[in-house]
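Asker: Here the structure of chain A is known, so what remains is to put chain B in place on it, guided by the hints.
Sequence lines, in order, name chains A and B. Its first residue numbered 1, the first sequence is counted upward by one per residue in my numbering. Its first residue numbered 162, the second sequence is counted upward by one per residue in my numbering.
There's no promise every hint is true.
Just some of the chain B residues that point at chain A, by a computed CB distance under 7 Å [what the hints assert, rightly or not]:
#1 Trp180
#2 Glu289
#3 Ser291
Think about it this way: if two alpha-carbon atoms lie no more than 25 Å apart in a straight line, the pair counts; the simulated BS3-like pairs of lysine-lysine are [claimed, not checked]:
#4 Lys234(B) x Lys248(B)
#5 Lys231(B) x Lys310(B)
#6 Lys234(B) x Lys258(B)
#7 Lys310(B) x Lys149(A)
#8 Lys231(B) x Lys87(A)
#9 Lys97(A) x Lys197(B)
#10 Lys258(B) x Lys163(B)
#11 Lys2(A) x Lys197(B)
#12 Lys248(B) x Lys87(A)
#13 Lys44(A) x Lys2(A)
#14 Lys97(A) x Lys163(B)
#15 Lys205(B) x Lys97(A)
#16 Lys36(A) x Lys149(A)
#17 Lys97(A) x Lys248(B)
#18 Lys149(A) x Lys70(A)
#19 Lys70(A) x Lys44(A)
#20 Lys163(B) x Lys44(A)
#21 Lys73(A) x Lys149(A)
#22 Lys248(B) x Lys205(B)
#23 Lys2(A) x Lys248(B)
#24 Lys44(A) x Lys258(B)
#25 Lys2(A) x Lys258(B)
#26 Lys258(B) x Lys36(A)
#27 Lys310(B) x Lys2(A)
Some, not all, of what chain A presents toward chain B, calculated at C-beta under 10 Å [what the hints assert, rightly or not]:
#28 Met3
#29 Trp19
#30 Leu37
#31 Val80
#32 Pro100
#33 Gly101
#34 Met104
#35 Cys112
#36 Ile114
If you are wondering where the hints come from, they were derived from the structure by calculation, not from laboratory data. Just so it is clear, the structure is predicted and the values come from calculations on it, not from any experiment. Even for Gly, the Cβ is constructed at its ideal location relative to N, Cα and C.
2 protein chains.
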Amino acid sequence: MKMGEGVEWALHSCVNMSWAPVGEAVSSARLAEFYKLPASYLNKQLQALVRAGILSSVSGPGGGFQLARKAEKISVLDVVLAIEGTKVAFRCEGILKNGPGGNMDEDYARTCLISQTMRHAELAWRTELSQQSVAGIARSIERRFPEAKGNTVNQLMGSRR
Amino acid sequence: MKMGEGVEWALHSCVNMSWAPVGEAVSSARLAEFYKLPASYLNKQLQALVRAGILSSVSGPGGGFQLARKAEKISVLDVVLAIEGTKVAFRCEGILKNGPGGNMDEDYARTCLISQTMRHAELAWRTELSQQSVAGIARSIERRFPEAKGNTVNQLMGSRR
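One chain only, chain A, in its complex shape (with noise of 0.2 Å):
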């Protein structure tokens, strides 16, 4: 089982547009040169943010994408389901139904253990990921890498400034 390195690239670019200055677009390709990314796969991931209503997208002069609601109130999680769609993982197919004694119309996603064990497994990663946000891990890196933020909005917003 294997995530898409889209997942990466759009965490990193949702922190680096957490930095950016309220109501500023950034640009996709800029987004892809800062960290030397294809821009047509980047600007895939960022069409699928935009769909989830995680970015907005802004067209014309000084166009681009910014976040379409506060860091704060962006989850990892948000951002994974929106990368790597929202069902989950392990789907029960219900093979007890073809099984000696299987019924049909039983939901055995429901009362197989087997189903249930994978669903809280899937839960437990799913509130592990709802707890951390785009700010407070934009937060950790001022904090680790003190030049980082200033480096990120010279880069990005560069010419404009």
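Answerer: Chain B only, in chain A's frame:
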């Protein structure tokens, strides 16, 4: 992100094998027939469980597969990692290395909070799965579906008894 259905098949098959009389192997054809699964694909999962030391395979007449250790000692996590691989789902590519001020020698998988957050979430997922054993699932099925164990043994071992 999607887990293969092989996980569901492997877990149910392990539970069924935990009910087989001690020392008796179950043929993969019987295991496949039990839930009407494609035999060659189920066999592939069973071979993966052998490689992971969860099952042992017995050749010759009366051959097949059996649990390689007590069902109490086989966690759901053991089975999931045997089928899906032991690598974590989020694989940090360290894109901070390519950013301004990035340090090619730094292990960002350790120092980047995004990477840490993703790792902690996967640890929570793994912890949940490690706390449930094949034996625990078997017991809960016996409680809920009292006829399951007997039916399973009859169908899997039938002609030999």
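Asker: With reference to the structure, classify each hint as holding or not holding.
Answerer: Going down the list of hints, with the structure as the test:
About 13 Å separates the beta-carbon of Trp180(B) from the nearest beta-carbon of chain A, more than 7 Å, and the hint is not met. For the restraint placing Glu289(B) at the interface with chain A, the shortest Cβ-Cβ distance is roughly 4 Å, inside the 7 Å limit, so the hint holds. At its closest, the beta carbon of Ser291(B) sits 9 Å from a beta carbon of chain A; the interface hint therefore is violated under the 7 Å criterion. With a C-alpha separation of about 21 Å, the suggested pair Lys234(B) and Lys248(B) falls inside the 25 Å cut-off, and the hint holds.
A threshold of 25 Å between alpha carbons decides the hint, and for Lys231(B) with Lys310(B) the separation of about 17 Å falls inside it, so the pair holds. Our distance criterion of 25 Å between C-alpha atoms is broken by Lys234(B) and Lys258(B), whose separation comes to about 42 Å. A distance of roughly 61 Å separates the Cα atoms of Lys310(B) and Lys149(A); the hinted pair therefore is violated under the 25 Å criterion. Taken as a hint, the Lys231(B) and Lys87(A) pair is broken in the structure, with Cα atoms around 34 Å apart against an allowance of 25 Å.
For the hint pairing Lys97(A) with Lys197(B), the CA-to-CA distance comes to about 10 Å; that is within 25 Å, so the pair holds. At most 25 Å may separate the alpha-carbon atoms for a hinted pair to count; Lys258(B) and Lys163(B) exceed this at roughly 29 Å. For the suggested pair Lys2(A) and Lys197(B), the alpha carbons sit about 28 Å apart, so the restraint of at most 25 Å is broken. Pair hint Lys248(B) plus Lys87(A) holds up; C-alpha atoms about 21 Å apart against a cutoff of 25 Å.
For the suggested pair Lys44(A) and Lys2(A), the alpha carbons sit about 19 Å apart, so the restraint of at most 25 Å is met. Between Lys97(A) and Lys163(B) the alpha-carbon distance is near 22 Å, which keeps this suggested pair within the 25 Å criterion. As the CA atoms of Lys205(B) and Lys97(A) are separated by approximately 22 Å, the hinted pair is consistent with the 25 Å bound. A C-alpha spacing of about 18 Å is found between Lys36(A) and Lys149(A), which places the hinted pair at or below 25 Å, so the restraint holds.
In summary, the hint linking Lys97(A) to Lys248(B) is not supported, as the alpha carbons are separated by about 32 Å, beyond the 25 Å threshold. Restraint check: the Cα-Cα separation between Lys149(A) and Lys70(A) comes to about 17 Å, which is no more than 25 Å; the hinted pair holds. Between Lys70(A) and Lys44(A), the direct Cα distance comes to roughly 22 Å. Compliance with the 25 Å bound is thereby established for this hinted pair. Distance hint between Lys163(B) and Lys44(A) is fulfilled; the C-alpha atoms sit about 20 Å from each other, no more than 25 Å.
A distance of roughly 20 Å separates the Cα atoms of Lys73(A) and Lys149(A); the hinted pair therefore holds under the 25 Å criterion. For the suggested pair Lys248(B) and Lys205(B), the alpha carbons sit about 19 Å apart, so the restraint of at most 25 Å is met. With a CA separation close to 8 Å, the supplied pair Lys2(A) and Lys248(B) stays within the 25 Å bound. For the hint pairing Lys44(A) with Lys258(B), the CA-to-CA distance comes to about 22 Å; that is within 25 Å, so the pair holds.
Our distance criterion of 25 Å between C-alpha atoms is met by Lys2(A) and Lys258(B), whose separation comes to about 22 Å. At most 25 Å may separate the alpha-carbon atoms for a hinted pair to count; Lys258(B) and Lys36(A) meet this at roughly 10 Å. The straight-line distance between the Cα atoms of Lys310(B) and Lys2(A) is roughly 35 Å, outside the 25 Å bound, and the hint therefore fails. With a cut of 10 Å, the hint placing Met3(A) at the interface with chain B holds, because the nearest CB-to-CB distance is about 5 Å.
Given hint, Trp19(A) at the interface with chain B, is violated; its Cβ is 13 Å from that chain's nearest Cβ, farther than 10 Å. Because the smallest distance between the Cβ of Leu37(A) and any Cβ of chain B comes to about 7 Å, under 10 Å, the interface hint for this residue holds. A distance limit of 10 Å between C-beta atoms decides the matter here; for Val80(A) the minimum to chain B is near 8 Å, and the interface restraint holds. The interface hint given for Pro100(A) is met, as the beta carbon of that residue sits about 5 Å from the closest beta carbon of chain B, less than 10 Å.
Restraint check, Gly101(A) versus chain B: the minimum CB separation of about 6 Å is within 10 Å; hint holds. Taken as an interface hint, Met104(A) does not check out: its beta carbon lies about 13 Å from the nearest beta carbon of chain B, beyond 10 Å. At about 8 Å, the closest approach between the beta carbon of Cys112(A) and any beta carbon in chain B falls short of 10 Å, and the interface hint on this residue holds. At a threshold of 10 Å, the smallest CB-CB gap from Ile114(A) to chain B is about 5 Å, leaving the interface hint in force.
Hint violations for this structure: numbers 1, 3, 6, 7, 8, 10, 11, 17, 27, 29, 34, all remaining hints satisfied.
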